[in-house]
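Peer 1: Protein chains in written order, with the working numbering: chain L, 779 to 1146; chain A, 4 to 513.
Be careful, since some hints might not be right.
As the list claims (entries may be wrong) - Mimicking BS3-like on lysine-lysine, the simulated pairs with C-alpha atoms at most 30 Å apart in a straight line are: (1) Lys-57/A <-> Lys-781/L; (2) Lys-133/A <-> Lys-205/A; (3) Lys-223/A <-> Lys-205/A; (4) Lys-255/A <-> Lys-449/A; (5) Lys-398/A <-> Lys-449/A; (6) Lys-259/A <-> Lys-490/A; (7) Lys-790/L <-> Lys-383/A; (8) Lys-383/A <-> Lys-1020/L; (9) Lys-223/A <-> Lys-166/A; (10) Lys-80/A <-> Lys-781/L; (11) Lys-80/A <-> Lys-166/A; (12) Lys-215/A <-> Lys-87/A; (13) Lys-861/L <-> Lys-383/A; (14) Lys-457/A <-> Lys-490/A; (15) Lys-790/L <-> Lys-398/A; (16) Lys-215/A <-> Lys-133/A; (17) Lys-223/A <-> Lys-87/A; (18) Lys-166/A <-> Lys-57/A; (19) Lys-57/A <-> Lys-80/A; (20) Lys-223/A <-> Lys-781/L.
The hints are simulated quantities; they were obtained by calculation from the structure and are not laboratory data.
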Amino acid sequence: MIKLEPRGQHSKLMAWLSPVLAGVLTLISGAILFSLLGQDPLEALHTILILPVSDVYGVAELCVKAAPIMLCAIGLSVVFKAKVWNIGAEGQLLMGGLIGSACALALIDAEGVWVLPVVLLAGMAGGAAWAGLAAWLKTAFNANEILTTIMLNYIALNLLIWSVHGPLKDPDGFNFPESAMFSDSALLPTLIDGTRIHWGMVFALFAVVVIWVLMSRTFLGFQVKVLGLDASAARLAGFREKRLVWIALLISGGLAGLAGIGETAGPLGQLVPQISPGYGYAAIIVAFLGRLHPLGILLATLLMALIYMGGEMAQITLGLPVALTGLFQGMLLFYLLACDVLINFRIRIPALAKPEAAVATIKEEAAR
Amino acid sequence: MAEPHITPPRLTLRGITKIYPGCVANDSIDLNIEPAEIHALLGENGAGKSTLMKVIYGLVRPDQGEVLWDGLPIDIKDPAHARKLGIGMVFQHFSLFETLTVTENIALALGDEAGDLESLAERIRDVSQKYGMALNPDREVHTLSVGERQRVEIVRCLVQPIKLLILDEPTSVLTPQEVETLFVTLRQLAREGCSILFISHKLNEVRALCHKATILRAGKVSGECLPEQESSESIARMMVGDETAISTDYPKVDGKAPFLQVRGLTRTSEDPFGVDLQGISFDVRCGEILGIAGVAGNGQEELLGALSGEDQVENHDAIHFPEGPVGNFSPRERRAAGMAFVPEERLGRGAVPDMSLKDNALLTGFLSGLVSRGLIAHGKTRHFAEQIIERYRVKTPSSETHAASLSGGNLQKFIIGREIMQNPRLLIAAHPTWGVDIGAATAIHKALIELRDKGAAILVVSEDIDELFQISDRIGALCHGRLSPIKPTPETSINEVGRWMAGEFQSPAA
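Bound-form chain L, shown alone (with noise of 0.2 Å):
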């Protein structure tokens, strides 16, 4: 029999090697499924994998679709490190979407350059707002983040679908549900010519490093580690708990309205009922496998994205369900929690350990 048995102190290795090792099981898996679909599971891995990133559109591609996750998951990294559950970077995304949008659309005959930054500015306050709200409830009912977050998501989209129906539809469009197109000084530029990828990845990226000098450099980063770890110490200590919450969600609300923004001022161009194919929730995926680590969020988003696009490549040459994206990301997730046991726990059997020779190794170890 096996036993699974605590080691006292957890692994610094393991935590590094738990998402690594969940990469691999998820690929054997993704295999093992290619083949009971009566594809070549190697060729199929090829096409979701790397056929998406072999040529530098496709790596554009990639940026496109990265730049919004990483937003949201580096923003979810600093809640989840207070450990507060902001489950909505979703609805946040769709709120600085529409408040963004709203804001190019009212300024369609503006022209300057300070269309753009008041248009994203308007998108990462929408997001914030949004969290900001979650945050109140919090606060002043005790109400749990976890459930308000996720309510608040739907309302956001609902919303959205309204706007797009109604107030923010295009006169001129013929009655689709979509805004009209944004003038150009509220649009994005493209940072490669001939490609979507845009001014979201620069932001994406500056924003892994001002998070990641918060948490590690500042006063505030330490007080929001404090108050995860450990509440009653914050409590001791004379933090300001509830401020602290409130700092956390915001921060972390305002990059995924950012992220938000970037998408309808970015490659849409216009605001359309589906911003997102659900990158706020990705984005927790993302979070946790990159271990709520700014380097490693960086990376699990490059994997992420690259999920995205293969489900998509897999749809259109392989004809396999878009599904599979879903699959595999839900995959990522479960195998990332098994392995995160063996951070604290290692593997055993006991019919091979006798305990005289645990006794003489204890001793050896204390002798040194």
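Add chain A to chain L, keeping to what the hints say.
Peer 2: Quick look at chain A alone, frame taken from chain L:
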């Protein structure tokens, strides 16, 4: 040849070994308990006492060794099996349901063996009368004092036929008078043939009560003795080894001007089963240690919460520093005004378990120049942590070690050091040596005395009355949320403070 009639020992342990990952909790331990014997199991925290008694009670299976019950080898499978054999155990932390009655609680613990509630209540009444432990079976547990709760646990063991009663640190929650009453009961039980395994680290109690003692150190038997023939000093040596300094007497002093003034502090507890503070008034003077004794759950948590600033009090004037009332100050503002605080829970309030010692130094040290313009001065913080480690002899590989991996005593030295190094004008320490080994306790006492001599005002709240007599200059006691008179320590006695702990005093402020 006729064998002489010898009764086998009630319980024999031979070569009991239990290994946990990274530590040998019990290393080939031998132990003999005779019928009708009161046997002490002595040792510091972490010496392996708890593991050993869990082995006897069937909670833990030894990796090696054998257990003999009445001379026959036996494999105790689980606590139910142990109870069937006649082994009863009173844990240090009670597992009672607050909203159920005494009878219901005991019925739950006994399971199928309980029988119907009415006859059980009758049995409880009989037992409590027979052994002089007043207990009303119909009362709900939340209305009982800690001493009474302990009686519930003891009676639970006695309503069944019992041959061996294990008590884990039973006196730590009792007033000195209650301890005497408990000892009377235990002696009576022993006279009737019941063996008692008495786990403790209080040497004078062991000497007063026990027939034999087995001393554990670092998982091994380090000595056996007849406690009556030994001095507390010689037993302590067996517990700690030769290297550790054992605490000494400290001169008592008179304080100067008061630093902390508490006047008519009244507070309703937020916990439905908590204790309301009623008109608490006292001063802590500069250059003195004020000790507040009391059995846990008599308002200490509420008082400490109000003093630390974690809980706001309605009447802001109730708590005064020299600068003025601070009742509405946050913990941070009180720290800025010169207060430092050592909480009861060292992991999970005093220190963040999963953070390094360096980060834990920053936790409360952030006001002493470790943060500039919002940025952490990592170098200074490390230096500060290393200074604490060096000056207070914290045993740790480095300042990057997580707080959770330090022993209780080492972590407590670190926390006390962290607070003292910030040169507080007022230090409030809750149970500073609770669960700490003797060597660390001595170091902590010395550090407190040193801080006192530098002129700081110190308030120590503790359940350990011996400790308070050793270090405090004045002493008082809390009972049911009321504070006894406060007297200079040389002018009072353990007996008088014991009576205060039981509530026998006139409220001075009333």
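Peer 1: If a hint holds in the structure, say so; if it doesn't, say that too.
Peer 2: Here's how the hints hold up against the structure:
For a cut-off of 30 Å, the pair hint linking Lys-57/A to Lys-781/L stands: about 21 Å separates their Cα positions. Between the alpha carbons of Lys-133/A and Lys-205/A the distance comes to roughly 28 Å, so the proposed pair stays at or under 30 Å and holds. Distance restraint check for Lys-223/A and Lys-205/A: the Cα-Cα separation of roughly 19 Å lies within the 30 Å cut-off, and the hinted pair is therefore satisfied. Pair hint Lys-255/A plus Lys-449/A holds up; C-alpha atoms about 13 Å apart against a cutoff of 30 Å.
Straight-line distance between C-alpha atoms of Lys-398/A and Lys-449/A comes to about 17 Å, which keeps the hinted pair within the 30 Å bound. For the proposed pair Lys-259/A and Lys-490/A, the alpha carbon gap of about 15 Å is at most 30 Å, so the pair holds. Taking the CA atoms of Lys-790/L and Lys-383/A, the gap is about 26 Å. The hint holds against a cut of 30 Å. With a C-alpha separation of about 29 Å, the suggested pair Lys-383/A and Lys-1020/L falls inside the 30 Å cut-off, and the hint holds.
A threshold of 30 Å between alpha carbons decides the hint, and for Lys-223/A with Lys-166/A the separation of about 26 Å falls inside it, so the pair holds. Between Lys-80/A and Lys-781/L the CA atoms are separated by roughly 20 Å; this keeps the pair inside 30 Å, and the hint holds. Distance restraint check for Lys-80/A and Lys-166/A: the Cα-Cα separation of roughly 18 Å lies within the 30 Å cut-off, and the hinted pair is therefore satisfied. Under the criterion of a C-alpha separation no larger than 30 Å, the hint pairing Lys-215/A with Lys-87/A is consistent with the structure, at around 26 Å.
Distance restraint check for Lys-861/L and Lys-383/A: the Cα-Cα separation of roughly 28 Å lies within the 30 Å cut-off, and the hinted pair is therefore satisfied. For the proposed pair Lys-457/A and Lys-490/A, the alpha carbon gap of about 22 Å is at most 30 Å, so the pair holds. For the hint linking Lys-790/L to Lys-398/A, the alpha-carbon distance of about 22 Å falls within 30 Å, and the restraint holds. Our distance criterion of 30 Å between C-alpha atoms is met by Lys-215/A and Lys-133/A, whose separation comes to about 26 Å.
Simply put, Lys-223/A and Lys-87/A have alpha-carbon atoms about 29 Å apart, close enough for the 30 Å limit, and the pair holds. The hinted pair formed by Lys-166/A and Lys-57/A meets the criterion: a straight-line CA distance of about 17 Å does not exceed 30 Å. Proposed proximity of Lys-57/A and Lys-80/A is supported: the alpha carbons are some 11 Å apart, at most 30 Å. Distance hint between Lys-223/A and Lys-781/L is fulfilled; the C-alpha atoms sit about 28 Å from each other, no more than 30 Å.
The structure is consistent with each of the numbered hints, conforming to all of them.
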